[in-house]
Structure formats: C-alpha cells, structure tokens
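Please model the complete structure; the sequences and the hints are all you need to start from.
Here the sequence shown stands for residues 7 to 494, where the numbers follow my numbering.
Hints in this document: simulated from the structure, not taken from any laboratory. Some hints could be false.
To be verified - Okay, derived cross-link-like pairs now, BS3-like style, lysine-lysine, Cα gap no bigger than 27 angstroms in a straight line:
| no. | residue 1 | residue 2 |
| --- | --- | --- |
| 1 | Lys-410 | Lys-385 |
| 2 | Lys-410 | Lys-466 |
| 3 | Lys-378 | Lys-394 |
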Amino acid sequence: MSFSLDRIRRPLTLAGWAAAFAWFAFVIRGGLVSWFSADDLMNLHSYWIRPWSALLKANLEFWSNYYRPMGGVFYRLVYGLWGFDPLPFHIVTYLLLLINFGLLGLVVWQLTRSHWSTLAAAFVIGINPTFTSAYFDTGTIYDVLAFTFFWGAFVLYVRRRQSGRLPGWGYLALVFGMFVAALDAKEIAVSFPLAIGLYELVWHPPASWWPARLWRWALTEGRLAWIGGAADIVYIIGKRYGPDSLWTMDLYRPRFSLGAYVESLAHYLRGLIFHPVTITPRRMVELLIAMLLVAIFTRRRALLWGAGFIAAGILPLAFIPGRDGFAYLVPSVGWAVYLGGLLDWLVTLLAAHRAPVRAALQALIFALLVFKVAHWQHKWIDSRARVKHAEEDRYRNYIATIYKLIPNPRPGAHVLLLSDAEGRDDWDVYFLLRLFYRDREMDIGRMTVWNQRHTKVDPKTYDYVLDWNDSHFVLVAQNPPRATSPPR
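Structure below.
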C-alpha cells in the first residue's frame with residue numbers, strides 16, 4: 007500500500023497545485039477588466055513628470071526620499087510602452103500575483119517539507135479576500151513588487167542553505183540586490199533581515215552562546231542578517247530625516263507603544279479571517295503565547311519560524327494607523343508557514359506513521375478546506391471586486407466624456423475646471439487629463455483652488471472651459487489661443 011501511495015503522491019500533488027493555480031487565476035481574473043484608481047493616477051503622474059535618470063538613481067540609492075522608486079519603474083515602463091491603457095498595467099500585475107502565489111508555496115514547502123500542508127496553507131492564506139485591493143487595484147503594486155523581491159530572495163537564500171552550503175559573496179550579492187529591490191518597492195521589506203535571521207537561528211543556531219562562538223556564527227551563518235540589518239538602518243535614517251520624509255504625514259508617523267503593536271497584530275489577523283470576530287489585545291497575546299508553546303512542545307522548526315515571523319514581520323506596520331489588508335501581503339507568509347506546519351504535525355500525530363491513515367486524513371482535511379473556503383473566497387473577492395470596479399468606473403466615465411468634448415487639444419493647452427467632478431475636492435481630473443493626452447505642458451486650472459487662494463481668473467484666457475453639470479462634464483467655452491496665459 008505504501009508503494010502505491012508513493013507512486014500516486016507526486017501526480018496528485020501536481021494536480022492539486024494546478025487546480026489551486028487555476029482557482030487563484032479564476033477568482034482574481036476581474037483585475038484584468040479593472041481601470042485606473044485614484045492612487046494610480048497620482049502615482050503615475052508623479053513618476054511621469056520626473057526624469058528617468060532620477061528614478062534609476064533612486065533605485066540605487068535606496069535610502070533616498072524618492073517615493074518607492076521600484077513602483078516608479080513599473081509605472082514608467084508600462085506607460086512608456088503601452089500608454090494610458092489600464093489593461094497592460096493589470097496584465098503585468100496579474101502575472102506578478104501568480105508568481106507570488108508560487109513563491110508563497112515555495113516558502114512554505116521549504117520550511118515545512120510537506121507538499122499537502124503547503125497546498126492547504128497557500129489555498130487558505132494565499133487566496134484571501136483581505137488582499138482584494140492587490141488583485142484589482144494597481145495602486146497597490148508596491149506591495150505586490152515587495153512580495154516578489156522579498157520572498158524571491160528568501161527562496162534563493164534558503165535553497166542554497168538547504169543544499170548544505172553557505173552562500174558565497176557573489177550569491178549573497180544577488181540576494182542582497184533583491185532585498186534592495188524590495189526596499190525600493192515598499193518599506194515593509196525592512197523585515198527581510200529578520201526573516202533570514204530567524205531562519206538561521208532556528209535551523210542553524212550557534213554551537214553555543216559564548217561570545218566567541220556567537221561572533222563566529224554572526225560572521226558566517228548570520229552575516230546576511232547583519233548586512234541586511236545595517237542596510238535597514240541606513241534606509242530608515244534616510245527615509246526618516248530626508249527632505250520629503252513620510253514621517254511628517256499622520257498616516258505614516260509611528261506612535262510606539264506595546265498596545266499599538268498588539269492591536270496591529272489583531273487588526274491584520276481579523277482581516278485574514280475576514281469574518282466578524284472579536285480579537286482583543288489580550289486574546290492576541292494569549293494566542294501568540296499559545297502558538298509559541300505549541301512550537302516549543304512539538305519541536306517543529308517551521309512552527310518556531312512562523313510564530314517568530316508573525317511577531318516580527320508586523321513591525322513595519324505595527325505603529326502606524328491600520329491599513330487595508332493588502333498592506334499585510336508580505337507578513338502574511340508567517341501565518342501560512344505556521345498553518346502548514348501545524349496541519350502537518352496534527353496529521354502526523356493522528357496517523358501515527360500509518361501511511362494509509364495519513365493519506366486519508368490529508369485528503370479529508372484538504373477537502374473540508376476546499377468545501378468551506380472556496381465558496382467564501384469567491385463570494386467575498388467577487389463582492390469587493392464590484393466595489394472596486396464601481397470606484398474606478400468614475401474615472402473611465404470622466405475621460406470618455408471629456409474626450410468627446412475635446413478630441414484633439416493643442417499641445418500645452420490651457421483647461422479650466424469651473425467646478426470639481428461630483429464636488430470632490432481633489433486633483434484626480436488634473437492627473438487624468440495630462441496622462442490621457444500625454445502632455446506634460448497641459449495647464450489645468452481648478453476654480454476651486456483659485457477661489458481658496460482668492461485669485462481672480464478670466465475664463466477667456468483658457469482654451470477650454472469645462473464645468474460639472476448634471477453628473478457629467480460640459481464644455482462651457484472654447485477660446486482661441488491667447489498671448490496672455492492664465493495664473494499658475
């Protein structure tokens with residue numbers, strides 16, 4: 007019987023992964039028909055108006071205040087190749103998400119060495135409604151890219167270590183370069199040295215804790231963690247004290263306290279569960295302690311690493327106001343590893359090394375997970391996708407209307423908006439028009455802004471005057487070009 011099970015295990019595993027990939031590709035397919043979001047318009051415009059040289063330099067000088075320059079590479083490349091068309095942006099993101107799903111599986115498998123529990127963990131954590139924004143809004147590309155580079159580097163490093171070798175300096179440079187790319191994508195990547203350090207401590211701990219032995223371990227097994235930690239310090243100082251520091255904004259200013267840390271853990275766990283559930287800070291602490299005790303009792307390294315990274319991976323998010331679930335994309339791998347390791351331990355305990363019983367338990371648990379989780383995933387991901395599409399459709403409608411009114415404006419045209427669309431006091435239409443017509447010199451004035459500044463303007467100095475009336479834009483006036491330019 008054991009021989010027969012061994013013969014069919016591999017094809018069953020491959021079939022299971024093929025089905026999981028197909029299901030993931032199916033439930034996030036709505037991203038391919040998404041449009042641009044408000045964040046997309048702002049992000050793309052901010053990168054587009056700055057030179058390529060500054061963007062490339064910022065990716066090398068990862069500590070600079072340039073805002074997430076790896077995301078800028080994504081926006082500039084796709085826009086430069088395909089223009090203001092949302093489909094290519096979403097195709098690239100869709101492919102990255104599929105790669106990330108595979109990376110999640112590789113990380114869990116490397117740490118648990120269990121194919122079936124890896125599949126179960128990836129199915130539950132990797133396909134989750136809390137990440138809907140990442141599936142349908144390319145404004146979250148920073149988290150998607152950070153995941154790709156962060157866990158791609160981790161997989162490469164662990165693969166070399168599991169071969170029984172220490173990475174040479176060339177290999178370390180490759181992994182470190184991917185870590186830098188993750189930092190360039192988003193700040194969440196500062197936890198990478200913690201992920202590597204935890205791996206080395208759990209799988210290759212120091213021979214003893216005497217200073218000499220510990221120092222030798224730090225220079226060998228622990229060297230990437232220390233190098234990454236030093237890079238983190240440089241990165242944090244640069245981001246904190248540079249001229250355009252995010253720390254000056256309330257949404258990014260940290261407020262350090264134990265209460266904020268525990269509440270952040272509870273907040274993002276509630277998101278993963280995606281069901282009305284009360285997780286008080288006290289319950290969260292009790293859960294972490296229980297998870298750590300289980301890891302120690304079972305002597306399962308994957309559980310120790312999972313519990314450790316759950317506690318440490320949240321640190322870049324722990325002290326700022328809670329975000330939507332997409333911000334937890336990178337740290338969520340800790341839960342996937344812990345879940346995979348826990349399921350594998352439970353099955354091993356119950357089966358008592360009886361291969362037929364083990365196979366039956368695995369099949370039963372996975373079937374229950376699919377039965378319980380698949381409908382829940384499809385229902386809530388599809389529901390949130392409709393909300394996202396409705397939000398994005400407003401911009402599609404804006405530009406469709408304006409294009410009918412102004413099909414071919416002259417280069418550097420002056421456009422005046424007498425009122426903001428839907429009464430929204432924002433710059434979305436400003437970004438939208440300049441990006442759609444691909445004209446950096448197009449000057450767009452907002453009467454809302456001029457009124458706030460108590461500045462009088464003459465609409466006749468503008469080539470086109472638009473107003474928002476009865477749920478759509480109307481062309482109020484079209485004037486011939488004049489020598490006098492409107493105020494700036």
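The hints, checked one at a time:
no., hint, verdict
1, Lys-410 / Lys-385, "violated, 37 angstroms"
2, Lys-410 / Lys-466, "holds, 21 angstroms"
3, Lys-378 / Lys-394, "holds, 25 angstroms"
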